[in-house]
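S.K.: So the chains spell out like this:
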Amino acid sequence: MHMADALLSPGVGTTFWAGSLGVIGYCAKKLRENINEKMIPLMGILAAFIFAAQMINFTIPGTGSSGHIGGGMILVIILGPYAAFIAVASVLTVQCLFFADGGILALGCNIWNMAVYPCFIAYPLIYAPLTKGNKTPGRIMIASILSVVVALEFGALSVVLQTMFSGKTELPFTTFLVLMLPIHFAIAIGEGFITGGFVNYIRVIKPEVLDVVEGSRAFSVKKVLVSIGIVAIITGGMLSWFASTHPDGLEWSIERVYGKAVLPGYETGIIPDLRDIQEKTAILPDYNFPAGKEEKSEGAADSWPAVNAGTSFSGIIGSLMVLGLVFILGFGINAVKSKRRNMVI
Amino acid sequence: MPSFDKEYFNLGYLDTLSYKDTFVHRLDPRIKLVTTFIFILFVVSFPKYEILKMLPFFFFPVFILSVGEIPLKFILKKLLIASPFALFVGIFNPFFDTAAMYNFYGIPISGGWVSYLSIIIKFILTVTAALLLVATTSFPGVCLALKKLKVPNVFVVQLLFLYRYMFVLTAETMRIIRARNMRSFGKKGRGMKTLISIIGVLFVRTVERSERIYQAMCSRGFDGEIRLLTSYKIGFVDISFAITAITVFIIFRGYDVTKTLGELITKT
Chain A
1 MHMADALLSP
11 GVGTTFWAGS
21 LGVIGYCAKK
31 LRENINEKMI
41 PLMGILAAFI
51 FAAQMINFTI
61 PGTGSSGHIG
71 GGMILVIILG
81 PYAAFIAVAS
91 VLTVQCLFFA
101 DGGILALGCN
111 IWNMAVYPCF
121 IAYPLIYAPL
131 TKGNKTPGRI
141 MIASILSVVV
151 ALEFGALSVV
161 LQTMFSGKTE
171 LPFTTFLVLM
181 LPIHFAIAIG
191 EGFITGGFVN
201 YIRVIKPEVL
211 DVVEGSRAFS
221 VKKVLVSIGI
231 VAIITGGMLS
241 WFASTHPDGL
251 EWSIERVYGK
261 AVLPGYETGI
271 IPDLRDIQEK
281 TAILPDYNFP
291 AGKEEKSEGA
301 ADSWPAVNAG
311 TSFSGIIGSL
321 MVLGLVFILG
331 FGINAVKSKR
341 RNMVI
Chain B
1 MPSFDKEYFN
11 LGYLDTLSYK
21 DTFVHRLDPR
31 IKLVTTFIFI
41 LFVVSFPKYE
51 ILKMLPFFFF
61 PVFILSVGEI
71 PLKFILKKLL
81 IASPFALFVG
91 IFNPFFDTAA
101 MYNFYGIPIS
111 GGWVSYLSII
121 IKFILTVTAA
131 LLLVATTSFP
141 GVCLALKKLK
151 VPNVFVVQLL
161 FLYRYMFVLT
171 AETMRIIRAR
181 NMRSFGKKGR
191 GMKTLISIIG
201 VLFVRTVERS
211 ERIYQAMCSR
221 GFDGEIRLLT
231 SYKIGFVDIS
241 FAITAITVFI
251 IFRGYDVTKT
261 LGELITKT
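First to last, the protein sequences are chains A and B. Sequence positions in the first sequence follow the numbering used here and run 1 to 345. Sequence positions in the second sequence follow the numbering used here and run 1 to 268.
Don't read these hints as lab results, they were simulated from the structure. Treat the numbers as computed from the prediction; the structure is a model and nothing was measured. Glycine included, C-beta positions come from ideal geometry on N, C-alpha and C. A couple of the hints might just be wrong.
To be verified - Calculated cross-link-like contacts (lysine-lysine; reagent style PhoX-like; alpha-carbon spacing at most 25 Å):
hint: 1; chain 1: B; residue 1: K20; chain 2: B; residue 2: K148
hint: 2; chain 1: A; residue 1: K30; chain 2: A; residue 2: K132
hint: 3; chain 1: B; residue 1: K147; chain 2: A; residue 2: K339
hint: 4; chain 1: A; residue 1: K135; chain 2: B; residue 2: K233
hint: 5; chain 1: A; residue 1: K339; chain 2: B; residue 2: K233
hint: 6; chain 1: B; residue 1: K193; chain 2: B; residue 2: K20
hint: 7; chain 1: B; residue 1: K147; chain 2: B; residue 2: K77
hint: 8; chain 1: B; residue 1: K20; chain 2: B; residue 2: K147
hint: 9; chain 1: A; residue 1: K206; chain 2: A; residue 2: K135
hint: 10; chain 1: B; residue 1: K147; chain 2: A; residue 2: K38
hint: 11; chain 1: B; residue 1: K20; chain 2: A; residue 2: K30
hint: 12; chain 1: B; residue 1: K77; chain 2: B; residue 2: K150
hint: 13; chain 1: A; residue 1: K29; chain 2: B; residue 2: K150
hint: 14; chain 1: A; residue 1: K29; chain 2: B; residue 2: K148
hint: 15; chain 1: B; residue 1: K20; chain 2: A; residue 2: K337
hint: 16; chain 1: A; residue 1: K29; chain 2: B; residue 2: K147
hint: 17; chain 1: B; residue 1: K147; chain 2: A; residue 2: K337
hint: 18; chain 1: B; residue 1: K147; chain 2: B; residue 2: K73
hint: 19; chain 1: B; residue 1: K53; chain 2: B; residue 2: K20
hint: 20; chain 1: A; residue 1: K30; chain 2: B; residue 2: K233
hint: 21; chain 1: A; residue 1: K337; chain 2: B; residue 2: K193
hint: 22; chain 1: A; residue 1: K38; chain 2: B; residue 2: K20
Unchecked claim - Derived contacts from chain B toward chain A, CB cut-off under 10 Å, selection only:
hint: 23; residue: V43
hint: 24; residue: V67
hint: 25; residue: K73
hint: 26; residue: F74
hint: 27; residue: F92
hint: 28; residue: G112
hint: 29; residue: K193
hint: 30; residue: V237
hint: 31; residue: A242
hint: 32; residue: I246
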């Protein structure tokens, strides 16, 4: 499930951007240290492979509806966590830009939810230990299903938490969780089965791919521990930030910051000038625009807003006018453009 | 999800649009990327019951759309098939937040509907902003912008590779899917077993292709970096575009344009 911009607050969005960029930087550093040039085109083309494979719809057994694979875990098993993280992040970036899956602000969250958990939790803690030394098809299948379940459930939990901390929805935490976790469990079983089947298939028809990458991947427990440590520190840092802003209510948006810190700078900018002009022209004699209006309107929205036919009527008129002006803007630009085109002809 | 051929066509069409030559297309990709990001931050910074103050923000996508000569119909279509997660989660708002908030000529409107409408407007604004960014900026341009903004080189190279092979592999996949649909009489294969072997075959072909590519690249002197011929420079026009756009965002964020216009009409 892709997180969406519309559900995010700026604070949550930028925090996860910072977290995801941090992990990208860490993985890039790891890959540079352990450079294997052959990896670079392989990573690129396997990301394109996952992208294409996601487009194959298939009928989900027993339901009649169709679905497609996610494929994150497949990349981790083939490329190892660092390279796979970069690859999955690139797929998500392209999906965000070309298919509008999620959005640009939500991309940070999506990379976190769908790349960090398979690469740095599910693979090192579940898949790698379970398949160490003993790579029978049965074990690979079990390890794949388990690791996909863990990765997807962590991802679903994160989506719920991000939505809650952003505070744009009314869905109670537990209800949302009860909706999300079972759905993702079912998806994960299917996805895990396909992942395991795929890895076993590749082991039969093209084993050298797995062996080449596995051989070249210097993978030590120490590195895993370090990477988990870093993930834990980033997560902990974010959680503490959330915790510290929590008492403010969940509405801690940029507006809160404005209200307290940045808004004073505003007061010397264009807004007071506009207000002066407005007061001088006196079109709106009793227009109430003192400082602190922001808080008032927000507070009003939070509790019980005054129902005032006058304001709602002028609100509707105003909306129609704004949309009309926007329409005229677009229409005008087009008219000017086509006129210019005609003149050229 | 729409049919595969359509999806593939859309992908290519968005790419074609990005090579037009208009004022918006000529702007530096860094400027467009940063301005779009700031636009989205401003839009999502509105509290959850805000509707009126967000409406003026439509000026930005409309401006880009008209000046960039992007077909409105195409963007609307993309908007419709975009991931509806936000709309799905938001639909619960009206059920949990039933206290009346406005009174529209006797019909009470609950806070839940207001906040849901707010989510829908945010969804439209943010998604169109992202789509218009790629429709007016070539993908290599976006990658170059990321590189100049100090995103690690490995990731930028990765994006360029993905972009290059995405079209090749989707074409390959399209052939496989057609073959499968022919053999299963228009149905989507015979479940997961078929899917696994389809993905397996696609994978083997991909890896073999990547080996050929790697050898070709080595013989052309590949050293882990992709160098682009086009170079961008941030000029006066770019800076003034960004400053104007951000100033307008700040004015629209702090000052209730909609309300003022409405009162202008109703009081005079």
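S.K.: Compare the structure with each hint and give your call.
M.R.: We went through each hint and held it up to the structure:
Taking the CA atoms of K20/B and K148/B, the gap is near 23 Å; set against the 25 Å cutoff, the hint holds. This hinted pair checks out: K30/A and K132/A have alpha carbons roughly 22 Å apart, not beyond 25 Å. Of the supplied pair hints, the one linking K147/B and K339/A is violated, its CA atoms being roughly 39 Å apart against a limit of 25 Å. Between K135/A and K233/B, the direct Cα distance comes to roughly 54 Å. Violation of the 25 Å bound is thereby established for this hinted pair.
Under the criterion of a C-alpha separation no larger than 25 Å, the hint pairing K339/A with K233/B is inconsistent with the structure, at around 31 Å. Restraint check for K193/B and K20/B: the C-alpha separation of about 44 Å exceeds 25 Å, so the hint is violated. For the hint pairing K147/B with K77/B, the CA-to-CA distance comes to about 31 Å; that exceeds 25 Å, so the pair is violated. Taking the CA atoms of K20/B and K147/B, the gap is near 23 Å; set against the 25 Å cutoff, the hint holds.
For the hint pairing K206/A with K135/A, the CA-to-CA distance comes to about 15 Å; that is within 25 Å, so the pair holds. Restraint check: the Cα-Cα separation between K147/B and K38/A comes to about 22 Å, which is no more than 25 Å; the hinted pair holds. As the CA atoms of K20/B and K30/A are separated by approximately 39 Å, the hinted pair breaks the 25 Å bound. The suggested pairing of K77/B with K150/B is violated, with an alpha-carbon distance near 34 Å, which exceeds 25 Å.
Annotation: proposed proximity of K29/A to K150/B holds, straight-line Cα distance about 13 Å (limit 25 Å). A distance of roughly 18 Å separates the Cα atoms of K29/A and K148/B; the hinted pair therefore holds under the 25 Å criterion. A hinted pair counts as satisfied when its Cα atoms are at most 25 Å apart, and K20/B with K337/A qualifies at roughly 14 Å. Taking the CA atoms of K29/A and K147/B, the gap is near 15 Å; set against the 25 Å cutoff, the hint holds.
This hinted pair does not check out: K147/B and K337/A have alpha carbons roughly 34 Å apart, beyond 25 Å. Simply put, K147/B and K73/B have alpha-carbon atoms about 32 Å apart, too far for the 25 Å limit, and the pair is violated. For a cut-off of 25 Å, the pair hint linking K53/B to K20/B is broken: about 33 Å separates their Cα positions. A C-alpha spacing of about 32 Å is found between K30/A and K233/B, which places the hinted pair above 25 Å, so the restraint is violated.
The straight-line distance between the Cα atoms of K337/A and K193/B is roughly 55 Å, outside the 25 Å bound, and the hint therefore fails. Our distance criterion of 25 Å between C-alpha atoms is broken by K38/A and K20/B, whose separation comes to about 35 Å. For V43/B, the suggested interface contact is upheld, since its CB lies about 8 Å from the closest CB of chain A, less than 10 Å. The interface hint given for V67/B holds, since its Cβ lies 6 Å from the closest Cβ of chain A, which is under the 10 Å cut-off.
Annotation: K73/B was flagged as interfacial toward chain A, and the flag is violated, the nearest CB pair being 13 Å apart, outside 10 Å. Because the beta carbon of F74/B sits about 12 Å from the nearest beta carbon in chain A, more than 10 Å, this interface hint is broken. Interface restraint check for F92/B: the shortest CB-CB distance to chain A comes to about 4 Å, inside 10 Å, so the restraint holds. At its closest, the beta carbon of G112/B sits 6 Å from a beta carbon of chain A; the interface hint therefore holds under the 10 Å criterion.
The closest approach between the C-beta of K193/B and any C-beta of chain A is roughly 8 Å, which is under the 10 Å cut-off, so the hint is satisfied. Nearest Cβ of chain A to the Cβ of V237/B: about 17 Å, over the 10 Å cut. The hint is violated. Annotation: interface hint on A242/B violated; nearest CB of chain A at approximately 16 Å, more than 10 Å. A hinted interface residue such as I246/B counts as satisfied when its beta carbon comes closer than 10 Å to some beta carbon of chain A; here the least separation is about 12 Å, so the hint is violated.
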